[in-house]
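K.L.:
Spelled out, the chains give:
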Amino acid sequence: MKNTIRQVFHSPKFVVGFVIFALMLLMVIIYPIISPGDPLQMISKGSFLKPGVYFSVYDSINTNSKTIDLPEANQKRLANKLSDTDKVSMVQWLTAAGVPAEDIDMEDTTSLIKLWNEKYDPTVKPEGMTMAQRNFYKRLDKSLDNILNEQPLVVSAQNQETQTLDEIKRISDTDYVNLKDVPNVKVLPLGTDNFGDDVLKKLVSATKTSLLIGLIAGSIATLIGLTLGLLAGYLGGFIDDFIMFITNLFTVIPSFVLLILISYSIGQDKRGASTVAIVIGITSWVWTTRSVRSQVISLRNRDHVNLSKLSGHSLTSIIIKDILPYIASYVVMAFILQISTAILAEASLSMIGLGPKTADVSTLGLMMDWAMSYSAHLNGAWWAYFPVILVIALISFSLNLMNTGLDQVFNPTLRD
Amino acid sequence: MSDTVKDKRPLCLSGKGVTKVFGFGEKKTVAVDHVDFEFHEGELISIVGESGSGKTTLSKMLLGLSSTTEGEIFFQGKPRDIKTRKKKKEYWKDIQAIFQDPFSSYNIFSKIDTVLLDCINMRGGRSLPMEKKVEMITEACSFVNLKFAELTNKYPFELSGGQMQRLMIARIFLLKPKILLADEPTSMIDACSRATILDMLLHLRDETGMTIIFITHDIGLAYYISDSVYIMEHGKFVERGTADEVILHSKAAYTKRLISDVPKIYEEWDLSTV
Chain H
94 MKNTIRQVFH SPKFVVGFVI FALMLLMVII YPIISPGDPL QMISKGSFLK
144 PGVYFSVYDS INTNSKTIDL PEANQKRLAN KLSDTDKVSM VQWLTAAGVP
194 AEDIDMEDTT SLIKLWNEKY DPTVKPEGMT MAQRNFYKRL DKSLDNILNE
244 QPLVVSAQNQ ETQTLDEIKR ISDTDYVNLK DVPNVKVLPL GTDNFGDDVL
294 KKLVSATKTS LLIGLIAGSI ATLIGLTLGL LAGYLGGFID DFIMFITNLF
344 TVIPSFVLLI LISYSIGQDK RGASTVAIVI GITSWVWTTR SVRSQVISLR
394 NRDHVNLSKL SGHSLTSIII KDILPYIASY VVMAFILQIS TAILAEASLS
444 MIGLGPKTAD VSTLGLMMDW AMSYSAHLNG AWWAYFPVIL VIALISFSLN
494 LMNTGLDQVF NPTLRD
Chain D
137 MSDTVKDKRP LCLSGKGVTK VFGFGEKKTV AVDHVDFEFH EGELISIVGE
187 SGSGKTTLSK MLLGLSSTTE GEIFFQGKPR DIKTRKKKKE YWKDIQAIFQ
237 DPFSSYNIFS KIDTVLLDCI NMRGGRSLPM EKKVEMITEA CSFVNLKFAE
287 LTNKYPFELS GGQMQRLMIA RIFLLKPKIL LADEPTSMID ACSRATILDM
337 LLHLRDETGM TIIFITHDIG LAYYISDSVY IMEHGKFVER GTADEVILHS
387 KAAYTKRLIS DVPKIYEEWD LSTV
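Chains H and D, in that order, are what the protein sequence lines are.
For what it's worth, our numbering labels the leading residue of the first sequence as 94, then goes sequentially.
For what it's worth, our numbering labels the leading residue of the second sequence as 137, then goes sequentially.
For the record, the hints were derived by calculation from the structure and aren't laboratory data.
Mixed in with the good hints, there may be bad ones.
What the hints assert, rightly or not - Examples of chain H residues toward chain D, derived with CB under 10 Å:
1) K273
2) N277
3) I390
4) N394
5) D396
6) H397
7) S401
8) S407
9) D415
10) A421
As the list claims (entries may be wrong) - Derived lysine-lysine pairs resembling DSS-like cross-links, with alpha carbons at most 30 Å apart:
11) D:K152 - H:K414
12) D:K400 - H:K414
13) H:K95 - D:K290
14) H:K414 - D:K223
To be verified - From chain D, some residues computed to sit far from chain H (all C-beta separations above 12 Å):
15) V157
16) S202
17) E226
The structure presented is a predicted model; accordingly, all values stated were derived computationally and were not measured.
Where is the CB? At the ideal position from N, CA and C, for every residue including glycine.
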């Protein structure tokens, strides 16, 4: 036993898979501790906030500011407001309006804007310019209003008594606040999703739920498969025929179709994560039964089983002591694969809208489902679905890697 | 041993029209075909035949590990009744076996102690104190020239093939069954250990007076140890009788062929008959 475990941990494939899986487990356990809170709490209004650090504007105005004079501050501000395509458009209008090319300097944004303010006239109709294009330039001109204004901004509050606006602060372009002094800062490493939930927090809780679904479904499937396989293989005869009849029945019906039908008939309201796990479990035991049965058939006529019979051992004792240890490695491998398939099955079910009820839990499949429903992939909101895909892929990859590693340890002929 | 002496002994195990058929229709294989036999108490019977002649199938039926398709087996003159598990368990107190391959005869996950303790438990010694059990096991081990102190807490795969097979005999020594079915117990073992093991088996028979049914493909070995010999070909007994009758005055062509196939060290081996 000790030897086998040592051997298993010498298989590089198993170790890599195990490390990836253990890291995921650690993340699932540790992250909720360092960042507590309800993962399904909507924290943002408006969907798909970009990943990044968000700090309160209100708080930063009220925070004591310091003056820092940076030479390229204005340059950056301008660049942020005026994109390169806008600059190209401006140059195009100016050229069309008859400004000589040598007067236009695209590199110097300040002089370009000054030139624009000087020359632009919305009533001028350059040749070959459509109405839509002229409207675009009107909008562009409007957005450039005050862009070069370096006057301080005035923040004012409404006086409760006189209903007048009282100035409370002037903010100049050289005012800075230390982020540490701002009391409300929210880090959203993976932004928010369509509901306005913190994606990272939700992802961690979804990974936990999906792993639990995998574990429950895998255990159920392995238990059913193992019991039926052992009985059919060892007892043989009528019981074998009967069990194999049912197994074959389940083999020819695609289990995913069965899964859809059962999930649908349970109804949206009653479908919790554990219900889905049980449904997945009771539809995916078929192959375990078949393979356990074939292993047991080859074992039941071995001499050690005969000797055990001759020693007067009972049926259960023979199955548990003389058959089960010989197929244990195989069962462990089947169990690992079942977990991986169950997680994928849950994801597929949720993708077609038959997953657990959204209001209660989040699962990896549900996150994908909602990201797709709100066209995250078309909006460029990669953070809503890509990390989920990555986690599913990593879980599946690590479990399969562990399985292959175990296979190589237990089947020496496969060793390379 | 002559027929007259043998006939005085009571019948131990006998069979009438015992048949075993595997499969059905076109795939039907008759492994054992209507065989009759009478094994007497204290006798050493050899069943000789080549691979696939049905020896092992017959032995499984005798042991009650597989059912007979047709015919009946009699135990001590009465029809054998092993329909329930309880009766089977009773039957297995009287008949035990040593298998061909010592390496596959043991459950590799349980220690040697378990195998031997099971025997004591089966003989009704479950309530005995542990010291008494160890004493019995040590005695059984010393009968087969093994030291229990060296074997305790070891797993079967830590032993050599010869040691494993000797431990099997120790098991029989503890169980003291009326019949021992030895299914080619020496075929996987080197010539030196073979002689030792055969010697132990014969010694055990002399001590306990058990019937030994010795299944082998080695007709020379059969002649060397047995009282009576049954020659089996394609599931049928083609010849039966005392060892001298069958081997020195064989009538069936198959027996003659088996005898001529035995390699002799100082003679050239005639392969033309094979």
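K.L.:
Does each hint hold? Answer for all of them.
P.N.:
Consistency of the hints with the structure:
1. K273: violated, 62 Å
2. N277: With a closest approach of 62 Å, the N277 (chain H) hint is violated.
3. I390: violated, 14 Å
4. N394: Result: holds, 9 Å to nearest chain D Cβ.
5. D396: Holds. Min distance 4 Å.
6. H397: With a closest approach of 5 Å, the H397 (chain H) hint holds.
7. S401: For S401 (chain H), the interface hint holds, since the closest Cβ of chain D sits about 7 Å away, which is under 10 Å.
8. S407: At 8 Å from the nearest chain D Cβ, S407 (chain H) passes the 10 Å test, so the hint holds.
9. D415: Since chain D brings a Cβ to about 5 Å from D415 (chain H), closer than 10 Å, the hint holds.
10. A421: It holds, given that the least Cβ distance between A421 (chain H) and chain D is near 9 Å, below 10 Å.
11. D:K152 - H:K414: Distance of about 37 Å is beyond 30 Å: violated.
12. D:K400 - H:K414: violated, 46 Å
13. H:K95 - D:K290: holds, 15 Å
14. H:K414 - D:K223: Holds, at about 22 Å.
15. V157: Fine: 16 Å to the nearest Cβ keeps V157 (chain D) off the interface.
16. S202: violated, 9 Å
17. E226: violated, 9 Å
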